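S.K.: Keeping the supplied structure of chain A fixed, place chain B upon it in accordance with the hints.
Heads up: the sequence lines are chains A and B, in that order. Numbered according to full-length UniProt numbering, the first sequence spans residues 1 to 307. Numbered according to full-length UniProt numbering, the second sequence spans residues 1 to 424.
Just so you know, these hints were derived from the structure itself, not from any lab. For clarity, every value in this text was computed on a predicted model and none was experimentally measured. Wrong hints could be hidden among the right ones.
What the hints assert, rightly or not - Partner residues are not named here, just some residues of chain B that face chain A (Cβ under 10 Å, in silico):
#1 79
#2 102
#3 111
#4 113
#5 116
#6 117
#7 196
#8 250
#9 258
#10 260
Stated by the list, open to error - Think about it this way: if two alpha-carbon atoms lie no more than 30 Å apart in a straight line, the pair counts; the simulated DSBU-like pairs of lysine-lysine are:
#11 58(A) x 181(B)
#12 149(A) x 181(B)
#13 58(A) x 108(B)
#14 223(B) x 58(A)
Beta carbons are placed, not taken as given, at the ideal position from N, Cα and C, and that holds for glycine.
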Amino acid sequence: MLQAQKKHARFLFMFIFPAFIIYTVFMLLPILNSMKYSLYSGDGLIPDTFVGLDNYVKLFTEERYFSKFWNALGNNIKFFLIVTFIQNILGFFMAVFVTRSFKGNKFMRKLSFLPTTLSVLVVGFIFKLILNPYYGVFDKVLEAVGLGKFIIPWLGDPRSALIIVSIAVSWQFFGESVLFYSSGIDGIDDSILEAARIDGANIWHEIIHIILPSVLPIVGIVTILIFIGDFTQFDIVYAMTGYRGDPGYSTDLMGSLFYRTAFATTERGGWGTGMGAAVATMMFIIVTLGVGILLAFFNKKKEDMTK
Amino acid sequence: MELVKRSILTMLVLLLAGSMAFAGGQQGSSEGDGEKVKLVFTSWRTEDIERMNRINSQFTKENPNIVIDFQPVKDTEYDAQLKQSLAAGVGADIIFLRSYDSGYQIYKTDSLMELNSMLPELKDFPSAAVAAWATPDKVSYAIPAAGVVHGVYYRKSIFDKYGLKVPATWDEFMTVCETLKAGGETVFAQGTKDNWMLYEVMYSGLGANFYGGEEARQALMNKTARFTDDNFVLAMEKMKELQPYFPERFEGIDYVTMQQIFGTGNAAMFMGGSWEIGIFEDLGGLDDVGYFAPPLAEKGDTLQYCFHVDAGIGFNKNTKYPEELKTYMKWLASSEYAQLYMNELPGFFSYTPGSYTLSNDLAKQMQSYVAKSVPTVRTVWEKLSAQAPSGNELVGEAIQMMYANELTPEEACKFVDDGLSWYY
Numbered sequence: 001m002l003q004a005q006k007k008h009a010r011f012l013f014m015f016i017f018p019a020f021i022i023y024t025v026f027m028l029l030p031i032l033n034s035m036k037y038s039l040y041s042g043d044g045l046i047p048d049t050f051v052g053l054d055n056y057v058k059l060f061t062e063e064r065y066f067s068k069f070w071n072a073l074g075n076n077i078k079f080f081l082i083v084t085f086i087q088n089i090l091g092f093f094m095a096v097f098v099t100r101s102f103k104g105n106k107f108m109r110k111l112s113f114l115p116t117t118l119s120v121l122v123v124g125f126i127f128k129l130i131l132n133p134y135y136g137v138f139d140k141v142l143e144a145v146g147l148g149k150f151i152i153p154w155l156g157d158p159r160s161a162l163i164i165v166s167i168a169v170s171w172q173f174f175g176e177s178v179l180f181y182s183s184g185i186d187g188i189d190d191s192i193l194e195a196a197r198i199d200g201a202n203i204w205h206e207i208i209h210i211i212l213p214s215v216l217p218i219v220g221i222v223t224i225l226i227f228i229g230d231f232t233q234f235d236i237v238y239a240m241t242g243y244r245g246d247p248g249y250s251t252d253l254m255g256s257l258f259y260r261t262a263f264a265t266t267e268r269g270g271w272g273t274g275m276g277a278a279v280a281t282m283m284f285i286i287v288t289l290g291v292g293i294l295l296a297f298f299n300k301k302k303e304d305m306t307k
Numbered sequence: 001m002e003l004v005k006r007s008i009l010t011m012l013v014l015l016l017a018g019s020m021a022f023a024g025g026q027q028g029s030s031e032g033d034g035e036k037v038k039l040v041f042t043s044w045r046t047e048d049i050e051r052m053n054r055i056n057s058q059f060t061k062e063n064p065n066i067v068i069d070f071q072p073v074k075d076t077e078y079d080a081q082l083k084q085s086l087a088a089g090v091g092a093d094i095i096f097l098r099s100y101d102s103g104y105q106i107y108k109t110d111s112l113m114e115l116n117s118m119l120p121e122l123k124d125f126p127s128a129a130v131a132a133w134a135t136p137d138k139v140s141y142a143i144p145a146a147g148v149v150h151g152v153y154y155r156k157s158i159f160d161k162y163g164l165k166v167p168a169t170w171d172e173f174m175t176v177c178e179t180l181k182a183g184g185e186t187v188f189a190q191g192t193k194d195n196w197m198l199y200e201v202m203y204s205g206l207g208a209n210f211y212g213g214e215e216a217r218q219a220l221m222n223k224t225a226r227f228t229d230d231n232f233v234l235a236m237e238k239m240k241e242l243q244p245y246f247p248e249r250f251e252g253i254d255y256v257t258m259q260q261i262f263g264t265g266n267a268a269m270f271m272g273g274s275w276e277i278g279i280f281e282d283l284g285g286l287d288d289v290g291y292f293a294p295p296l297a298e299k300g301d302t303l304q305y306c307f308h309v310d311a312g313i314g315f316n317k318n319t320k321y322p323e324e325l326k327t328y329m330k331w332l333a334s335s336e337y338a339q340l341y342m343n344e345l346p347g348f349f350s351y352t353p354g355s356y357t358l359s360n361d362l363a364k365q366m367q368s369y370v371a372k373s374v375p376t377v378r379t380v381w382e383k384l385s386a387q388a389p390s391g392n393e394l395v396g397e398a399i400q401m402m403y404a405n406e407l408t409p410e411e412a413c414k415f416v417d418d419g420l421s422w423y424y
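Just chain A, same shape as in the assembly (with noise of 0.2 Å):
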């Protein structure tokens, strides 16, 4: 029993040893290492003066520092909720909807996953075309269909360029919900849906009492998986609205935050080394206890479910 055990756990660390050794140099000390910057000060992208905890004082107390940090952390919990709803609500009815069998449903899944294989460089580099108000293709179609009068700069309006952004990194990654969604659904024993509907559930009652319990862990991984994707989004604001989050820092998010602040120069929003430090620490922070919050929320309801 004894030696059976014993196999057992170097059985297990010969799987985890490669990657526990992978993760510590690449992940880990970088991130241990930047909290580690995060106390220190000074002029050169390795910062050199022991300053304790001054920077998370000055990131907190001073209006300069604290309401752009304020200010990204809003749009990003707006652009989170946003996207959280394109792509976890519409991208599970989207799932219900190609799970279902009808001629075309699998041309339908490959489709809904294609903008997934893009860059989001090139995603937002699309979405500025389509949307620029001199020669993009969006206006011309509203004005086309009689609606030119609701026609606004859409992305130099603070009113609509977050929501924009939001629908930009929304469209590229529904697809990867309508995947996990279907493959959930797919999982599902027809029997159990077939003895449903012989008991006379519609669609409503198949997908409150039935999809929806299967797929709640599924659920619990997509919101995880797009809570940490959002919250450490930087390319599609540097790719739609530049490293400032413009029009006047309204898609500034965490992500673009701690760029601007760590690696641009003094004169064009940066903060030095030191203090972009601290913001990528408080976005670990942010991410780690949102995770820990989310899971906590998704095992709660699973049990609930379970019980």
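M.R.: Quick look at chain B alone, frame taken from chain A:
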């Protein structure tokens, strides 16, 4: 355990392969044709590769053992990349540096050569330009390479159509705008999606005649003036007067789009910098493009001309080839280089002393205003942008909000002044 050993071995091999790939990148500068030494030259101007290669091939002709490898990095990533490469010890040998604090920050990382004794020629350069790349105790760390001016480009054919002359005063300028608008033209190609142009070109260029140019800028830096003073507010009000002449939905028009609008002949005017000559040349040719300096407040005023210190060239202290680098440095400071540079890159004006002939007509026109003007640089570029929030960021943001009708000109100036509280 055999498997563990083997997986460790595989990992080591992978790691080694990875590190060799990195090393390959580093060795790039020492590889070359036989005995030739390769010096890496970096800048934020990716559009100049061919032009810089043509300039540098002249140098290699004169110094056959030295090859210059021009490797620019995208503008928005340049500063981060430069800092990283210098910190990692793989920085380029020859380095484009921005003026004042951002170049100074690179100097403070202790990676640039001090040029005072190495390059006595520097004392003949314009002192204001030298000061833009020197420490407070006058240690020079870059050759002032190029300055740029800000003014207004226009379409000759559109002006001709309405019988318009180049405006000299603001009133005439407004009349031109009004006539063009009444004729149904897109007056300016300007958009406000990217805010830096609003400050760097418009406020610093066209505003200078109203806030008082260099003298006012000095007063701002010496803390004897504030951004909320009447003259700075007046300049802001003048910027606001231009808004009715922007294209529809200008808030969504970014820098590249506005260049395209003007460059393809779809707008009558474009407030821009001299560096755009090449861009307009590529977009639709220069035959129809004219230029005039920022209009004066009153007839008879002296032009306050924003002649901005744009690029200096510094040298990596830790270069592997100090001797060859010195040879190139001397050449960079020579009038031969300056003439080649201005021919290849019209709109960039060299600071190197000497008499030159400009081959490009627009560049000639831009330069023709210099003699009768007081030169100045961008309003809050020096000192006032050394900390967060920088003056540069603040003015850009303030004007963007003003054009979004969120702030009045007065409030916009107050916004800048509040943001600069760290300076006062």
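S.K.: It remains to establish, for every hint, whether it holds in the given structure.
M.R.: Status of each hint after checking the structure:
This hint holds: residue 79(B) has a C-beta 5 Å from the nearest C-beta of chain A, less than the 10 Å allowed. Annotation: interface hint on residue 102(B) holds; nearest CB of chain A at approximately 4 Å, less than 10 Å. At its closest, the beta carbon of residue 111(B) sits 9 Å from a beta carbon of chain A; the interface hint therefore holds under the 10 Å criterion. Hint status for residue 113(B) relative to chain A: violated, with the closest Cβ pair at about 17 Å, above 10 Å.
Hint status for residue 116(B): violated, given a least beta-carbon distance of 21 Å to chain A, over 10 Å. Proximity of residue 117(B) to chain A is violated relative to the hint, the smallest CB-CB distance being about 24 Å (cut-off 10 Å). Here the hint on residue 196(B) is kept, as its CB sits about 8 Å from the closest CB of chain A, short of 10 Å. Satisfaction of the interface hint for residue 250(B) is found here, the shortest Cβ-Cβ separation to chain A being roughly 7 Å, below the 10 Å cut-off.
The beta carbon of residue 258(B) comes within 9 Å of a beta carbon in chain A, closer than 10 Å, and the hint placing it at the interface holds. The beta carbon of residue 260(B) comes within 8 Å of a beta carbon in chain A, closer than 10 Å, and the hint placing it at the interface holds. Taking the CA atoms of residue 58(A) and residue 181(B), the gap is about 49 Å. The hint is violated against a cut of 30 Å. Restraint check for residue 149(A) and residue 181(B): the C-alpha separation of about 22 Å stays at or below 30 Å, so the hint holds.
The suggested pairing of residue 58(A) with residue 108(B) holds, with an alpha-carbon distance near 23 Å, which does not exceed 30 Å. The suggested pairing of residue 223(B) with residue 58(A) holds, with an alpha-carbon distance near 25 Å, which does not exceed 30 Å.
Hint compliance for this structure: hints 4, 5, 6 and 11 are not met, and every other hint is.
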